Amino acid sequence: MVDTFVIPLLKIVIVLNATLVGVTYMVLLERKVIAWAQSRLGPMRVGPYGILQPVADAVKLMIKEDITPVRADKWLFTAAPIISMVPALIVYAVIPFGSEVSLFGRQVTLYITDINVGLLYVVSVASVGVYGIILAGYASNSKYPLLASLRASAQLISYEVAVTLTLVSVVVMAGSLSMVQIVNAQYNSHVWFVFAQPVAFVLVLIGGLAETNRAPFDLPEAEQELTGGFHTEYSGMRFALFFLAEYANMIVVSSVVTTLFLGGWLPPFPNVAAFGFLYYVPSWAWFLLKSFVFLYLFIWIRATLPRYRYDQLMNLGWKVLIPIAIANLVVTGIVRVLLL
Amino acid sequence: MPSAYIPIAMFIAVATGFAVFTLLFTSLIHPSKYNKVKLEPYECGIEATSDARDRYSVRYYLVAMLFVIFDVETVFMFPWAVIFDELLLFGLIEMLVFIFILVVGYYYAWQKGALEWV
Numbered sequence: 001m002v003d004t005f006v007i008p009l010l011k012i013v014i015v016l017n018a019t020l021v022g023v024t025y026m027v028l029l030e031r032k033v034i035a036w037a038q039s040r041l042g043p044m045r046v047g048p049y050g051i052l053q054p055v056a057d058a059v060k061l062m063i064k065e066d067i068t069p070v071r072a073d074k075w076l077f078t079a080a081p082i083i084s085m086v087p088a089l090i091v092y093a094v095i096p097f098g099s100e101v102s103l104f105g106r107q108v109t110l111y112i113t114d115i116n117v118g119l120l121y122v123v124s125v126a127s128v129g130v131y132g133i134i135l136a137g138y139a140s141n142s143k144y145p146l147l148a149s150l151r152a153s154a155q156l157i158s159y160e161v162a163v164t165l166t167l168v169s170v171v172v173m174a175g176s177l178s179m180v181q182i183v184n185a186q187y188n189s190h191v192w193f194v195f196a197q198p199v200a201f202v203l204v205l206i207g208g209l210a211e212t213n214r215a216p217f218d219l220p221e222a223e224q225e226l227t228g229g230f231h232t233e234y235s236g237m238r239f240a241l242f243f244l245a246e247y248a249n250m251i252v253v254s255s256v257v258t259t260l261f262l263g264g265w266l267p268p269f270p271n272v273a274a275f276g277f278l279y280y281v282p283s284w285a286w287f288l289l290k291s292f293v294f295l296y297l298f299i300w301i302r303a304t305l306p307r308y309r310y311d312q313l314m315n316l317g318w319k320v321l322i323p324i325a326i327a328n329l330v331v332t333g334i335v336r337v338l339l340l
Numbered sequence: 001m002p003s004a005y006i007p008i009a010m011f012i013a014v015a016t017g018f019a020v021f022t023l024l025f026t027s028l029i030h031p032s033k034y035n036k037v038k039l040e041p042y043e044c045g046i047e048a049t050s051d052a053r054d055r056y057s058v059r060y061y062l063v064a065m066l067f068v069i070f071d072v073e074t075v076f077m078f079p080w081a082v083i084f085d086e087l088l089l090f091g092l093i094e095m096l097v098f099i100f101i102l103v104v105g106y107y108y109a110w111q112k113g114a115l116e117w118v
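Sequence lines, in order, name chains A and B.
In this text, residue positions in the first sequence follow my numbering: the first is 1, and each later residue adds one.
In this text, residue positions in the second sequence follow my numbering: the first is 1, and each later residue adds one.
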């Protein structure tokens, strides 16, 4: 009873809260880093160095007037942000944040659940988020959101093909779809998969940027041509849910890339006796550190690269990433057979 | 082991509950002073004359169809990848045949111009 219901529920509540706080501070970090990149200071007024800015933003969004346009489809207009946010959150159910810790005399695993189709679950749940975006555009019944949601869904499904194809070669290496088993496979092979699958790593990173609508692939939110993107008509808390989903997705992509390619909770040089001292750092600390590097990379890329044109974006997805992904899979298979 | 899926069901309930609760809670505290102009869809200052759900480029349908084809084929590869170490050469050859057929279709789509975005 305790193991089946109480502990998972506690973990869910902790992960949910950590995500919400993480997302709000992610926004602050992004504003700060981009400000520094442009020789500005960023938010400085709310609290020392602006560290209370997320609280102010949250309160502001909650007490904002929430508008449903007259032409909009009322129910879908409300359902869209929920459909967008729930998948972004429930992906965390299978992500292993660490191995095990001993708490109050009980061995607690630092993941909510370990299902044997973990990676497939991540891919499929993450793609449900597209429905939220396309429904938002359709339900708004306004020109800009509709155009933006069409663009966004075309972009997301295009890059999903490339990313999913690439992930197959990681599964070949690990021999399992369970996220925990994939980390264990890296432990057993003494090496992070980023060194065994460098091409796949780069492909998933590019695909991850596109899947989260981040610069340089942030066409669905290209302010200059589409005003606010698919959530132009949204305000108040419903807008906040979209915002939450977007940043939660960024954390998901960082966590998944960390798990698949950077050994998840494992330290560098896993399972090598000479580097055994690295295990004194707790497993979850390694995981958070590595995920944070990716989150920072997302912001850094946004501050550095200009936006793609839409035809360039589709060309990159369909004509560059997919052939490379297929070639990578074939090479992985052949090398694997030769080595075993 | 179906019990591993219980936490996922719980998470879906908690996440949906959170979203619905915040929407209901904020609907109690936010102001609602609506007027006709405020509720118009955004249109650069000009009143919208027609329904926004107009016809749009056929390219989007094409991308959606290509997605269905390629994504389904990718899903076929996951079981193969999981038991790759047991099948080895047999599995590799089987999969190379499958990927060859996939690449032929991909090449056809490319030559037909389905991947061009004009």
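Derived from the structure by calculation, the hints contain no laboratory data.
Watch out, some of these pointers could steer you wrong.
Calculated cross-link-like contacts (lysine-lysine; reagent style DSSO-like; alpha-carbon spacing at most 27 Å) [what the hints assert, rightly or not]:
1) A:K64 with A:K74
2) A:K74 with B:K38
3) B:K33 with A:K74
Which chain A residues stay away from chain B? Per the calculated CB distances, all over 10 Å, these [claimed, not checked]:
4) V13
5) V23
6) Y49
7) V108
8) Y144
9) I157
10) N188
11) E225
12) S283
13) W284
14) W318
A few chain A residues that face chain B, going by a derived Cβ cut-off under 10 Å, partial list only [as the list claims (entries may be wrong)]:
15) V86
16) T113
17) S189
Nothing here was measured: the structure is a model prediction, and the numbers come from that model.
Don't be surprised by glycine CBs; every beta carbon is placed ideally from N, CA and C.
| query | Quick check: which numbered hints come out false for this structure? | reply | Violated hints: 4, 8, 9, 14 and 17; rest satisfied.
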